[in-house]
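Student: Chains as they are written, first to last, in my numbering: chain D, 1 to 351; chain V, 1001 to 1351; chain W, 2001 to 2351; chain G, 3001 to 3351.
Incorrect hints may appear among the rest.
Stated by the list, open to error - With the C-beta cut set under 8 Å, the calculated list includes, among others, these residues of chain W facing chain G: (1) Val2003; (2) Ser2004; (3) Pro2009; (4) Gly2021; (5) Asp2079; (6) Leu2257; (7) Val2283; (8) Phe2294; (9) Leu2319.
Read the hints as simulated data drawn from the structure, not as lab findings. The model shown is predicted, which means the values in this text are computed figures rather than measured ones. Glycine included, every Cβ here is placed at the ideal spot set by N, Cα and C.
Number of protein chains: 4
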Amino acid sequence: MSVSAFSHPYLGGLLGDEETGRYFTAEAEVAAMLAFERARADAQAKAGLIPVAAAERIAHACGAFQPDMAGLCDATARDGVVVPELVRQLKQSIGPDAGKHIHFGATSQDVIDTALMLRVKQVCSLFLARLGELDADFRELDASFGHRPLMAYTRMQAAIPITVGDRIGAWREPLERHRERLERVQASSLAIQLGGAAGTLDKLGDRGAAVRLAVATELGLVAAPQWQSQRDRIAEFASLLSLVSGSLGKFGQDIALLAQAGEEVELSGGGGSSAMAHKQNPVAAEALVALARFNATQVSGLHQSLVHEQERSGSAWTLEWMLLPPMILATGASLRLALELTRNIRSLGAS
Amino acid sequence: MSVSAFSHPYLGGLLGDEETGRYFTAEAEVAAMLAFERARADAQAKAGLIPVAAAERIAHACGAFQPDMAGLCDATARDGVVVPELVRQLKQSIGPDAGKHIHFGATSQDVIDTALMLRVKQVCSLFLARLGELDADFRELDASFGHRPLMAYTRMQAAIPITVGDRIGAWREPLERHRERLERVQASSLAIQLGGAAGTLDKLGDRGAAVRLAVATELGLVAAPQWQSQRDRIAEFASLLSLVSGSLGKFGQDIALLAQAGEEVELSGGGGSSAMAHKQNPVAAEALVALARFNATQVSGLHQSLVHEQERSGSAWTLEWMLLPPMILATGASLRLALELTRNIRSLGAS
Amino acid sequence: MSVSAFSHPYLGGLLGDEETGRYFTAEAEVAAMLAFERARADAQAKAGLIPVAAAERIAHACGAFQPDMAGLCDATARDGVVVPELVRQLKQSIGPDAGKHIHFGATSQDVIDTALMLRVKQVCSLFLARLGELDADFRELDASFGHRPLMAYTRMQAAIPITVGDRIGAWREPLERHRERLERVQASSLAIQLGGAAGTLDKLGDRGAAVRLAVATELGLVAAPQWQSQRDRIAEFASLLSLVSGSLGKFGQDIALLAQAGEEVELSGGGGSSAMAHKQNPVAAEALVALARFNATQVSGLHQSLVHEQERSGSAWTLEWMLLPPMILATGASLRLALELTRNIRSLGAS
Amino acid sequence: MSVSAFSHPYLGGLLGDEETGRYFTAEAEVAAMLAFERARADAQAKAGLIPVAAAERIAHACGAFQPDMAGLCDATARDGVVVPELVRQLKQSIGPDAGKHIHFGATSQDVIDTALMLRVKQVCSLFLARLGELDADFRELDASFGHRPLMAYTRMQAAIPITVGDRIGAWREPLERHRERLERVQASSLAIQLGGAAGTLDKLGDRGAAVRLAVATELGLVAAPQWQSQRDRIAEFASLLSLVSGSLGKFGQDIALLAQAGEEVELSGGGGSSAMAHKQNPVAAEALVALARFNATQVSGLHQSLVHEQERSGSAWTLEWMLLPPMILATGASLRLALELTRNIRSLGAS
């Protein structure tokens, strides 16, 4: 099935992003869940909650474990979440002795939310790097063409001449703020989720906080108290994704309008038409607008899922699973296309 | 990449729908596009616009054609649409003589929009059948439990006793209206798209309307004038999908609330917990709520894409590609889960 | 407070619509609620459920009744709905004898939903009339300029010449379908809501259906069974509003792009700039785009409110109250502005 | 017209918020616009750009000015923005001499965006104060009932007992993060907008930056470069509003579910029913859910308006005007209702 344009055999060429997509394969999610289990077992062993030997066996088993994906699929259909079956398979692969210490004191949400945070952290690094490259590209364009005149348009009407540099500033400056936002989120908002059955770490006695800190440290995440029904970090991150793609959508829209007028931009690359051989379509620019509107659509659903009832809402949580990965992909694709577009700009402004 | 929950190796077990998904593989889309090309060539041959032999060669070639998917992917990245490269591959497979009659008088949007309509038509049939099954299930539940008392709740407070039949009516009746809506859409709104480069069928001379009628008849679609920048049919269909999943979300929410209270419903199946062996979670009911909220989120983007500028908006059209297939999948999954849920209801109301 | 742009002392000049707004004053809502109470009493008297004299007294009192708005406001804050206090005030104005027959067998939702349907019906007539006027305007423009050449643009690039008539067709044709949709909704979907406390008309004995039919007939609404937790009619109507404003947004976007290029359209009217005296901004065209995107945003929330739990969801219902009236206003404003814009078109295409 | 539930004569009792609404009257906006004009004139006089006497006359006139609202309304309909007419009225009131220095070097967007920021700043203070009160309320509830047992629910099923304090933590902790977010936004993101016709302060020569700094300092806003087509600050603020109302929606949903079960919460206040005298509806709790979903709907449109083309998009900007004030009101109402609700909690958990 190729229902998603982001992973579609041919639409993926336009709208996908391989580098971002690597964090959202089933294999990558399983690997992140195993990293959590391993860090948990290790921290619990150090806290004297489970035998050291069991933690070592778990670490070893996690390294070698190959999930039975068909089994995970059937069980997710039944349980609404993959973790019970993953834990069962993991226990089976490890044998009853150490196996009984798998997943000790944890719950599905600990595994899945932490595995998400681990990958979001890597995504933040990727996006920060790309924003840095974009910044450099815009500065280079500014160095080349910034001094040239450009007609300003307000309310879609010619206003007064500005410079190309003024316009480039309107594209580049928001990205600087987005980098600050992303850095802040990465440093302070990507927290481990560890709470146990109902958020109270009831099985860890007085070692709960210490174990949480140790696991967070091992995984490079913020050691905050459990947040399983507090989804503001998720909705905030989604909003930030949409800010990024929204600003890039403005860049795309501006380039498409320049390309329509035809006199103040020169682009290389660009798309062919099946009916008109003479046309060269500003494909990346238009895709940036589409991706901005896509994320602006999705962000609403992640704000809806803030209404996450009681200790865990199956429906609000499942809604996140449907919405967040495509938003991350769309943002990755948006950054990729913006870089492609800046590099295809041969000229800006009146020479 | 498994970015979409609908086609994810294990989340797909919960949220996917294989039967619906068959219409949204790349292969299914290519097949539908070839069906269009074949019908177009045939109609144009009958109208004397291209040689009959060429049309026969095209029909034959379309039957045997295997696309080079990697080539389609690269070209879509460049052109923003798959058709120019698909046409090129098709021409190559058929040779220059008949090849020059491939895609004659058509444009990318004719191929893609018509190929979409062909599959939407089949999806309507599938959904109508499932709505019929659901209707039967609800009537059966009504026959079994309809006479029993049920506490009505208004504003989340116990109100007065009603009957189980009253509640089932609130689940079943909207589905009856949805069937009428779907039947009307299927009969009158799924139109062929055939307009050529800018919608005027400029290359077909005075045969434009006749060719359009012939292609529509062959493909079983409504023979309306081109609608390439008039996307109301798409947004209307998306709205209808969300009406369906929304009504099923109400059913899911009601079952989840009944299951929470615990005394007026008995369910079989249902999900296990990784931390609490005693629990049986109303997984399908919760997923119905999530799918309803998913579609309610997406529908906004398809209404945004009504602002489809000029003769073809690359950005508004691309936005549709990202939004509509997941909505169709979500609706298919919603119907599948609702059928699963009705069949897992062992008892409703106070016995 | 002027929080709404639609009723704002000066923004209302741009974005409001007086004629539509008349149906959404508090006074208009109270009047519609009284019309319901009167028709209900009359039908119940005819059915022998309440004394004829009481119904006459009620009819008379409803004609003269002036609500204490401050009292309604305080009570709505407390009760979450205006009806209990409105009924109390009405009873007080009529005296205890007939007063006890006020609101007999009905519930808040009966009063409010029916009062909404009554006004939606009038709104449909208003919008149908305006769509008819727009159709005439477009036909007139077509008669004047339809034969002229116009450059088609696909993907924001010049494609091939079409005619002005082709472009006008893309603006006019969807409106024809919207008229059909509105007529169908008006004829078959605007149903009375009459169900009593939990939808079962429990207090009307075997006269429930007869009373419902009589009230519906009196009020000119469809006599459907109660639909208090089945909100598909509301979400469908909202979707249709957004289809209308979306198609007009495409018209606005096209005019704004034509005005930017500057050679193929000539407009009268249009806005001044505070900084640049030479500019003439295509204000109505831009407002049409904004209104389209506004409705495309709102429609999502009305689909969210399809998840209307149990016999009455306070939260889903309240959400409708916040979303639907502004959507109706936005659609009215959109039609008003489209008419203004068509009449300000002095020339289209190359002369 | 009472199209907005927030300023509706009786719905406003439930959904409005007088204190927040004060910042969104037409009068408050005009006053903020005049504050901008005054600060601008003052700074320009100090920079030697306009005569000191003219600045004094302007300051004096701004203090006494009473706008002709009907005139503003007509002109906004024509110009799409109120500023040209406001400037004209202001000039008329002040006479030609000083009048020609009104609005010097500025443009509509400078006036309106800065006037918005001034009021957003006050709104932030109001919301911070309310979040502080809510924090105190939750701490008090925790002190009273925190030690009591409460049944945790995951996926709408009883899980294991937790404490009331655990649940209160899930309500209170996100608000702490929201306060930090609001403080950060207030300190660093509420920037003056001052750019002139096309953002380049073309008429201020080399004094542009100095004047901007002086105006920002006078008005208590951040002295950032013009951001007229960079709307990330607006969309970020809107996202934050929705984070706040979303977290409060979770609180409301939890209380409504507790009230439905009926054993672990005791509420005073609460709403009456028109049909069932025995009911006490959790009105504020339900309204919190509705307001959360309202804002989650609106936030999408403010992200759409990030695609703000060229130097000023009439359509994207107008869209903000329709969306942001209602979101601010909804957030204010949400905070007001949450405070009302915490104070109506008589008991939580099993005693």
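Student: When the structure is checked against the list of hints, which entries are broken? Sort them ascending.
Tutor: The structure conflicts with hint 6 only, although it agrees with all the remaining ones.
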